[in-house]
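K.L.:
For reference, the chains in residue letters:
2 protein chains.
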Amino acid sequence: MAKTSVALVGATGETGHFIIDALLESDAFNTHGLQEITAIAQPSSATNQKYTNLRSRGVKVVPVDFTGSEDALVEALTNIDVVISTVSVASFKDQIPLAKAAKKAGVKRFVPSEFAMVIPPKGVHDLQDMKTDVLNEIKRLHLPWTVINVGWWYAGFLPRLASGRTDYIRPAALFPEQNFVPGDGEAVCSMIDSRDVGRYVARIIQDPRTLNKQVLASNFAPKLNELYSLMEEISGEKIERTYLSAKAIEGQIQQSREKIAAGQTDYMTQVGLMMSQYQYSAGIRQDNTPEYAEYLGYLLTTDLYPDFKQMTYRDFFQEVLDGKARAAYSE
Amino acid sequence: MAKTSVALVGATGETGHFIIDALLESDAFNTHGLQEITAIAQPSSATNQKYTNLRSRGVKVVPVDFTGSEDALVEALTNIDVVISTVSVASFKDQIPLAKAAKKAGVKRFVPSEFAMVIPPKGVHDLQDMKTDVLNEIKRLHLPWTVINVGWWYAGFLPRLASGRTDYIRPAALFPEQNFVPGDGEAVCSMIDSRDVGRYVARIIQDPRTLNKQVLASNFAPKLNELYSLMEEISGEKIERTYLSAKAIEGQIQQSREKIAAGQTDYMTQVGLMMSQYQYSAGIRQDNTPEYAEYLGYLLTTDLYPDFKQMTYRDFFQEVLDGKARAAYSE
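Protein chains in written order, with this note's numbering: chain X, 75 to 405; chain L, 75 to 405.
Just so you know, the hints here were simulated from the structure itself, not pulled from any lab data. A few of these clues could be false.
Repeated chains share a single entry, so a pair holds when one copy, or any two copies, can fit it.
The calculated SDA-like cross-link candidates involving lysine to any residue, where the alpha carbons are at most 25 Å apart (straight line), are [to be verified]:
#	residue 1	residue 2
1	K321	Q351
2	K174	P364
3	K177	K321
4	K167	D200
Here chain X stands alone, though its shape is the one from the complex (with noise of 0.2 Å):
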């Protein structure tokens, strides 16, 4: 069987690296050497150290400048059966001249960066709205696409405990000193580990069903106090919470708003802003759910792949304790 081609845009990054480990495992694009995975770099970044290690496993790194010429962008694509952009909020918009380029090169799927929670298209969370005009252009270019959303990373979950035990891989940039819940905490959240989103993608991209559609890519949905009591059970520690009212995070978002129109851009402020987003719709509005998932079009993993084993938080929490994780965001 001919193997798909892909090339990745954003390779390096959080969601990029687990995505290139799960390619470079499946025998669908893994030639071992014959380098069917291709990592599409900035120019001024293509000779970093990442992009090194990159090339040593097998990927064949090609640097070319998104913002830059049409025909370099269509040529780099050329020969490719799926893109995958991972790229950053900063580069969204770039998304588009790419977009562009991969229908001239006759792409034949384009998966444009999300990889985060359900939600609806335009007016809960600002980022959504940006990923949301990125699929319109998408759709007005007739470029054959496959979103994927995940859920809450189960890295992004991760309770303080008494006992400092989650410390190591709770970096006090990204994480609060106290345990928030959203809401009541009884909304149901979708969830999955980091290495099975790449595992996810690699399945998601050779199905056909998948072709034109929306994907969430989980099959673990616990209401968030059972969540906590699961990590009571886990650790064997009793864990604090504190509940945010939906009048408490709306005073959040609005808060970060004013911050920025005066002009506070700052990465944590940025930040802030997008987390207590992020917390509004899945813990207030309940957005991240298997069942809006679908009311959305979505397809789910759960009915695709019933087969696929996914990690268990229980493992992934076991790891955690066990200091045997990786954080967030890290090397």
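Got chain X; can you put chain L on it based on the hints?
P.N.:
Relative to the frame of chain X, chain L by itself:
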């Protein structure tokens, strides 16, 4: 079997009245006096002749201000299964409070005002951009919905004949002197008779498969040149055509935009822009096809209802030539 209760908003308009006709024809809705069909009317219009006529046909007319109190709207929509909106562009935004009230009232399906061609969600046609905003708001509300598009209405595709036999239903305000064909005339274009719009709607709103889906209701999709050949065959007249290039239509759109930006916002300028954008979408981009509809996630009535007998363009055009057709936007 319990009857499905339906409320129309815009029942006396061009689209609404065809839907009312079809609902009254159908046993699923017409309970002969039990008033399962409701027309929601602005209080200022509720006593006009058109609504009086609806009352005499067994339709319950409920006067309520869409832009007024939410409680009154919720009350009007309580016990309604399906809300169908056929409001015109000036009232597109009023569908948002209507949808909110429908959500509160427990409406089981909301059909927003679309009923036109298949067009990408954003960036091709100003009307579609607005319709997409409404649909996104419906999705944010988690309100069950169905979008129904139908292609180009037969009555909007009437050639001028040298004999003048079509002039009686080609009002100068809506039809140009010349027979313009966008592009090279090789675009496939989904089409429908206005009476079938209502008959398709009556089926679609009872069908669980169409819930939270877009549907293309049309079983006739000729190339524009084929359609002109058919018109010539039926009429026995040679039909002069003026082909419009992409560049020419882009120029018309640009010109209309400049007029509107300069404050010339009269009806004809607006309609001119709208028509140029339809020509561009259908004739140049070739969006109004079953294939592009499927790409966008539409279900096709050709798959859903293979038994549906759509009125043929031949029968419609013969009716026109026989002097028996009704002009669009007339009583």
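K.L.:
Give a verdict on every hint.
P.N.:
Hints, one by one, checked against the model:
no.	hint	result
1	K321 x Q351	within (13 Å within a copy, 44 Å between copies)
2	K174 x P364	between (32 Å within a copy, 23 Å between copies)
3	K177 x K321	between (45 Å within a copy, 22 Å between copies)
4	K167 x D200	both (13 Å within a copy, 22 Å between copies)
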